[in-house]
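Novice: Here is how the chains run, residue by residue.
There are 4 protein chains.
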Amino acid sequence: MSSVAPDAERDEKETGRIEAFSDGVFAIAITLLVLDLKVPHSSELPPDSRLISALLKQWPTFLAYVISFATILVMWVNHHRLFNHIRRSNHTFLFLNGLLLFFVTFVPFPTALLAEYIRHPEARVAAAVYAGTYFAIAISFTLLWRYAAGRGQLLDARADLSQVEAITKQYRYGPPLYLLAFVLAFVYVPASVGMCFALAVFFAFKGSPKQIFAPQSGEDGRIKP
Amino acid sequence: MSSVAPDAERDEKETGRIEAFSDGVFAIAITLLVLDLKVPHSSELPPDSRLISALLKQWPTFLAYVISFATILVMWVNHHRLFNHIRRSNHTFLFLNGLLLFFVTFVPFPTALLAEYIRHPEARVAAAVYAGTYFAIAISFTLLWRYAAGRGQLLDARADLSQVEAITKQYRYGPPLYLLAFVLAFVYVPASVGMCFALAVFFAFKGSPKQIFAPQSGEDGRIKP
Amino acid sequence: MSSVAPDAERDEKETGRIEAFSDGVFAIAITLLVLDLKVPHSSELPPDSRLISALLKQWPTFLAYVISFATILVMWVNHHRLFNHIRRSNHTFLFLNGLLLFFVTFVPFPTALLAEYIRHPEARVAAAVYAGTYFAIAISFTLLWRYAAGRGQLLDARADLSQVEAITKQYRYGPPLYLLAFVLAFVYVPASVGMCFALAVFFAFKGSPKQIFAPQSGEDGRIKP
Amino acid sequence: MSSVAPDAERDEKETGRIEAFSDGVFAIAITLLVLDLKVPHSSELPPDSRLISALLKQWPTFLAYVISFATILVMWVNHHRLFNHIRRSNHTFLFLNGLLLFFVTFVPFPTALLAEYIRHPEARVAAAVYAGTYFAIAISFTLLWRYAAGRGQLLDARADLSQVEAITKQYRYGPPLYLLAFVLAFVYVPASVGMCFALAVFFAFKGSPKQIFAPQSGEDGRIKP
Numbered sequence: 003m004s005s006v007a008p009d010a011e012r013d014e015k016e017t018g019r020i021e022a023f024s025d026g027v028f029a030i031a032i033t034l035l036v037l038d039l040k041v042p043h044s045s046e047l048p049p050d051s052r053l054i055s056a057l058l059k060q061w062p063t064f065l066a067y068v069i070s071f072a073t074i075l076v077m078w079v080n081h082h083r084l085f086n087h088i089r090r091s092n093h094t095f096l097f098l099n100g101l102l103l104f105f106v107t108f109v110p111f112p113t114a115l116l117a118e119y120i121r122h123p124e125a126r127v128a129a130a131v132y133a134g135t136y137f138a139i140a141i142s143f144t145l146l147w148r149y150a151a152g153r154g155q156l157l158d159a160r161a162d163l164s165q166v167e168a169i170t171k172q173y174r175y176g177p178p179l180y181l182l183a184f185v186l187a188f189v190y191v192p193a194s195v196g197m198c199f200a201l202a203v204f205f206a207f208k209g210s211p212k213q214i215f216a217p218q219s220g221e222d223g224r225i226k227p
Numbered sequence: 003m004s005s006v007a008p009d010a011e012r013d014e015k016e017t018g019r020i021e022a023f024s025d026g027v028f029a030i031a032i033t034l035l036v037l038d039l040k041v042p043h044s045s046e047l048p049p050d051s052r053l054i055s056a057l058l059k060q061w062p063t064f065l066a067y068v069i070s071f072a073t074i075l076v077m078w079v080n081h082h083r084l085f086n087h088i089r090r091s092n093h094t095f096l097f098l099n100g101l102l103l104f105f106v107t108f109v110p111f112p113t114a115l116l117a118e119y120i121r122h123p124e125a126r127v128a129a130a131v132y133a134g135t136y137f138a139i140a141i142s143f144t145l146l147w148r149y150a151a152g153r154g155q156l157l158d159a160r161a162d163l164s165q166v167e168a169i170t171k172q173y174r175y176g177p178p179l180y181l182l183a184f185v186l187a188f189v190y191v192p193a194s195v196g197m198c199f200a201l202a203v204f205f206a207f208k209g210s211p212k213q214i215f216a217p218q219s220g221e222d223g224r225i226k227p
Numbered sequence: 003m004s005s006v007a008p009d010a011e012r013d014e015k016e017t018g019r020i021e022a023f024s025d026g027v028f029a030i031a032i033t034l035l036v037l038d039l040k041v042p043h044s045s046e047l048p049p050d051s052r053l054i055s056a057l058l059k060q061w062p063t064f065l066a067y068v069i070s071f072a073t074i075l076v077m078w079v080n081h082h083r084l085f086n087h088i089r090r091s092n093h094t095f096l097f098l099n100g101l102l103l104f105f106v107t108f109v110p111f112p113t114a115l116l117a118e119y120i121r122h123p124e125a126r127v128a129a130a131v132y133a134g135t136y137f138a139i140a141i142s143f144t145l146l147w148r149y150a151a152g153r154g155q156l157l158d159a160r161a162d163l164s165q166v167e168a169i170t171k172q173y174r175y176g177p178p179l180y181l182l183a184f185v186l187a188f189v190y191v192p193a194s195v196g197m198c199f200a201l202a203v204f205f206a207f208k209g210s211p212k213q214i215f216a217p218q219s220g221e222d223g224r225i226k227p
Numbered sequence: 003m004s005s006v007a008p009d010a011e012r013d014e015k016e017t018g019r020i021e022a023f024s025d026g027v028f029a030i031a032i033t034l035l036v037l038d039l040k041v042p043h044s045s046e047l048p049p050d051s052r053l054i055s056a057l058l059k060q061w062p063t064f065l066a067y068v069i070s071f072a073t074i075l076v077m078w079v080n081h082h083r084l085f086n087h088i089r090r091s092n093h094t095f096l097f098l099n100g101l102l103l104f105f106v107t108f109v110p111f112p113t114a115l116l117a118e119y120i121r122h123p124e125a126r127v128a129a130a131v132y133a134g135t136y137f138a139i140a141i142s143f144t145l146l147w148r149y150a151a152g153r154g155q156l157l158d159a160r161a162d163l164s165q166v167e168a169i170t171k172q173y174r175y176g177p178p179l180y181l182l183a184f185v186l187a188f189v190y191v192p193a194s195v196g197m198c199f200a201l202a203v204f205f206a207f208k209g210s211p212k213q214i215f216a217p218q219s220g221e222d223g224r225i226k227p
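Chains as they are written, first to last, in the working numbering: chain D, 3 to 227; chain H, 3 to 227; chain S, 3 to 227; chain P, 3 to 227.
There may be inaccurate statements among the hints.
[What the hints assert, rightly or not] Computed spacing ranges between beta-carbons, pair by pair:
1. D:K59 <-> H:P123: 48 to 58 Å
2. P:F199 <-> S:A193: 41 to 51 Å
3. S:A193 <-> P:S51: 53 to 63 Å
4. S:T170 <-> H:G152: 42 to 52 Å
5. D:V189 <-> H:A200: 23 to 33 Å
6. H:L182 <-> S:G152: 19 to 29 Å
7. D:H122 <-> P:F188: 16 to 26 Å
8. S:R174 <-> P:F188: 33 to 43 Å
9. H:I54 <-> P:Y175: 31 to 41 Å
10. D:L37 <-> H:F188: 27 to 37 Å
Since the hints were derived computationally from the structure, they do not count as laboratory data.
For every residue, glycine included, the Cβ atom is placed at its ideal position computed from N, Cα and C.
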């Protein structure tokens, strides 16, 4: 890996920029989800009906909103987890990150699609597009990480190899599991949607607290002296 | 709390990142509120009617817009106030912050709901959802702060304990007072909405100028030499 | 002004945060303007009519878009110009800045209103709301600057007093001139709209290149050695 | 260029601010594109028709979305590429950057226009507006770079002149090639749209990996020791 000292500051600035742009995209995508929640028009509400039941009838929209919010949040956490170990950038890396962001900004569309069709005979197609989007995100994450770490060329020289290996191991499960969620969409929609939510939880916690945002912390989450 | 010197820079960078992402979400949520303000279509305006009265008829939308803007602004100020004292992060903290952001991004929906139903027989439900959202935000703020400060594990070693205590004391009032606003929604809607606005003012000023953004300043807001 | 050395870094970090949040709000408000541009539905376009004329008929929307974009851009430049001289923050300053951001995020609404009504008998009301919004922004800018500089308590100790005085002098013109644009709206709409645009140009250039973003540069815009 | 040491830090801070604001605008513009993707209403879907074919019928919207996302991403990469060499700012530069951002925030409109009209007899006008917007962006990029580098006054004193020259050379092609895409719109729409996509690829790769984000790296994208 040789000495990178004189360029280290510039490198860190460059990955900092990519992170700042990515953070902006994640923050906007996660906030735009709320635009899918539609207020029932007061003029369309029959005079003796209740607003509360009109809202409760929208449960698929709220469910899709919650799952998508949680998933984008977990993806943001994972994105930073990768960048904790990455210190340099190049052209290919930049566009692999762009590919990931492409699917992240796309998430509001399958979310709205799932909400619209979850109680419709065509629910399976909507669930397949939903799980398929997350499958594409899992592939993009894996490509990004494999490229950065696989040839070892973009990692921080001080990166803890056991943590790098742990991420590589965890990411091995992403694509096949999201592919399974995609296939499940054609069999039983609730199983597919439930699996997407379970995978968000998996990627939130599987990477154990130790590896996220505090690589140097001990088992109890306290910073070691 | 032991020496954290070698990790201090990395810690500060990590909380800086969480703040930057949170700032993005606050900035977008506060700016999206304007999308709820609808321009009356010129073709629907009867030729002898006045635009000014068509706009004034929309007062509930403008009122809800102003209250929500003020509340999100105050929440942003409070978020930074907390992060003035927090220097480290861990997994749980990250997701508690995510929970808070979830309800912040949700605010445009109850705002639009309240604006649509405030003059409708179902106004109480809309006001309850509105106050309930702020109740959830108060709970999230309290959880976030209690977790960071309660076990004292994420605070800056140099944090002024009297200020930490003052925040803890103030946050004790948040959940019960917003719960009261929620209950009031079923009794008298204007009281509930007015209380939400009053609480925004309370959380803006109760924490006295000393504790916000200038912990070292004196009573008169001037920086002490 | 006494020595602020030990707190200087923290102060700069605090104003940096306010700037970052404000930048986010400016960036979102300026980008949301495009949502007012509506694509004419292809199904509503008569088969023998031209798309180009359907687009040209929308000229008020494009005009309002251009003026609002230019004005928000100039306001962003001016916001930074102020923060070049401001190094500390306190509670009042924070909420005066929030007041300014409130009117900035509001801009997309009067922009859409003006575009909808500029060829309607009620155009004067729309133009008055439009100019009135900029009047409120001018007031907010003046309050923010007067508070920071007037009692001199938030300025950088190294701030060039002649520049500070120049800003104060220029800002004296903002509120009365925008008030004039507001009054003009009831007399002759094109004069009011034209004046809003002219004032954006005035605030872009009046403050001469020297004072914006490169206080140390010479007459020719070159950095002095 | 004389010594700029005492002002170097301030200069870098100033261009950093312009970059941060520009990044915000790019991030929002790229994320807003998804709002053009419309979910087909379930109530309008005939009971025996398939959701998948309803989605596939929307291919022009998805195509326009992909091309616009790719183009904005490439523009963001190029914007940073320029700022790698720029260290100072002045008034004119600031407004040239604003002109560029104006056309970037405009992109969602021609994207929606192209998607709506690509299968309509008026497709040529839509494609002309689409290519014309990118032509305007190419002109703005060239103006921005020529101003910064042409008189050499805003570049980093340490900027590698061969890289500066390479950018200048590449940017010579932008305006005439996008003008060709604009003219092609009136001849054969797919050729114009295809050329816009090809030019995004050209500007992504023509500037060879060496010059983007890792000026010091060798042919293989690895950082040189």
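Novice: Does each hint hold? Answer for all of them.
Specialist: Tested hints:
no. : hint                          : result
1   : D:K59 <-> H:P123: 48 to 58 Å  : 19 Å, violated
2   : P:F199 <-> S:A193: 41 to 51 Å : 45 Å, holds
3   : S:A193 <-> P:S51: 53 to 63 Å  : 55 Å, holds
4   : S:T170 <-> H:G152: 42 to 52 Å : 47 Å, holds
5   : D:V189 <-> H:A200: 23 to 33 Å : 53 Å, violated
6   : H:L182 <-> S:G152: 19 to 29 Å : 40 Å, violated
7   : D:H122 <-> P:F188: 16 to 26 Å : 43 Å, violated
8   : S:R174 <-> P:F188: 33 to 43 Å : 52 Å, violated
9   : H:I54 <-> P:Y175: 31 to 41 Å  : 54 Å, violated
10  : D:L37 <-> H:F188: 27 to 37 Å  : 29 Å, holds
Consistency note: the structure conflicts with the earlier hints numbered 1, 5, 6, 7, 8 and 9.
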